[in-house]
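J.: Here is how the chains run, residue by residue.
Number of protein chains: 2
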Amino acid sequence: MAVMPKEVQDAFNQMKNVVLATSTPDGVPNVDPMGMKKVIDAETVYISDQFFNKTLANLKENQKVAITFWGDEGAYQIHGTATYINEGEQFEELKAWVDGCFAAMGAPITAKGGVLVHVDELFTCLPGPNAGAKLA
Amino acid sequence: MAVMPKEVQDAFNQMKNVVLATSTPDGVPNVDPMGMKKVIDAETVYISDQFFNKTLANLKENQKVAITFWGDEGAYQIHGTATYINEGEQFEELKAWVDGCFAAMGAPITAKGGVLVHVDELFTCLPGPNAGAKLA
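Sequences listed follow chains A and B, in order.
So the number in the numbering used here is just where the residue sits in the first sequence, counting from 1, plus 112.
So the number in the numbering used here is just where the residue sits in the second sequence, counting from 1, plus 112.
It is worth saying that the hints were derived from the structure and are not from the lab.
Hints are not guaranteed to be accurate.
The list treats identical chains as interchangeable, and a pair is accepted whether it falls inside one copy or across any two copies.
To be verified - Subject to a maximum C-alpha distance of 27 Å in a straight line, what follows is the list of computed BS3-like cross-link-like pairs (lysine-lysine): (1) K128 - K246; (2) K118 - K224; (3) K246 - K224; (4) K172 - K118.
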């Protein structure tokens, strides 16, 4: 369990994309940029699923994930544990937000699910001798 | 084995960053943005190691990797097999290029190794119903 400082939460929310890595249980990774995402609380982030394919297949068998995001606000990496959701009150609220964002863009796209990621560990990935150092 | 079309090779070279995912042998992924990278040939890309940490630990035990890169030029994903190098003629040539790039930026950074990635499969990761479709 790790608590994200406010500046990390802000960075996660403000950056245009984060990048989600999953893996098969025997270590074949998969990685994709993700645009619809938000911080749920200091220990949890959410990434919406519109087009998960290999990612979803991996998540069904292996819940360990890694996320990176970087920009003017910093460069971070989360190691976390994922829970895929596609029903229930929390999902419906998040889907309403995602579908509203796409509607506002005029895009005929809707969420089919999403992944809650519990933050197990937080690292910096700024270049330099401290690259990869654990923050929380 | 997969052959990257020229537009994919150009995208890999031109984008500011690509994102490299590795995994432990038992499926705990790791993911980081990478700035020093180039296409070697239509089936091979190179990512330079200045600050690999968890990535290097994973590569020593598991050579399966995934790479994503996206921008105005497209959005792609490679599944590949990595070979870590830190000696020999090819490495010294690549290190000279990387160290020269950093020197030109005035950055006191040098390459300590690098990873040759053989492209096993190539996918699109543009959003839409074809997200994740195999290209090669």
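J.: None of the hints should be skipped; say for each whether it holds.
T.: Checked hints:
1. In this assembly of identical chains, K128 and K246 lie within 27 Å of each other by CA distance both inside one copy and across copies; the values are 24 Å within and 25 Å between.
2. In this assembly of identical chains, the alpha carbons of K118 and K224 never lie at most 27 Å apart, being 29 Å within a copy and 34 Å across copies at closest.
3. In the homo-oligomer, the alpha carbons of K246 and K224 lie at most 27 Å apart only across protomers (22 Å), although the nearest pairing inside one protomer, at 33 Å, exceeds that limit.
4. Taking identical chains as interchangeable, the C-alpha atoms of K172 and K118 are never at most 27 Å apart, the minima being 31 Å within one chain and 35 Å between chains.
When held up to the earlier numbered hints, the structure conflicts with 2 and 4 and fits the remainder.
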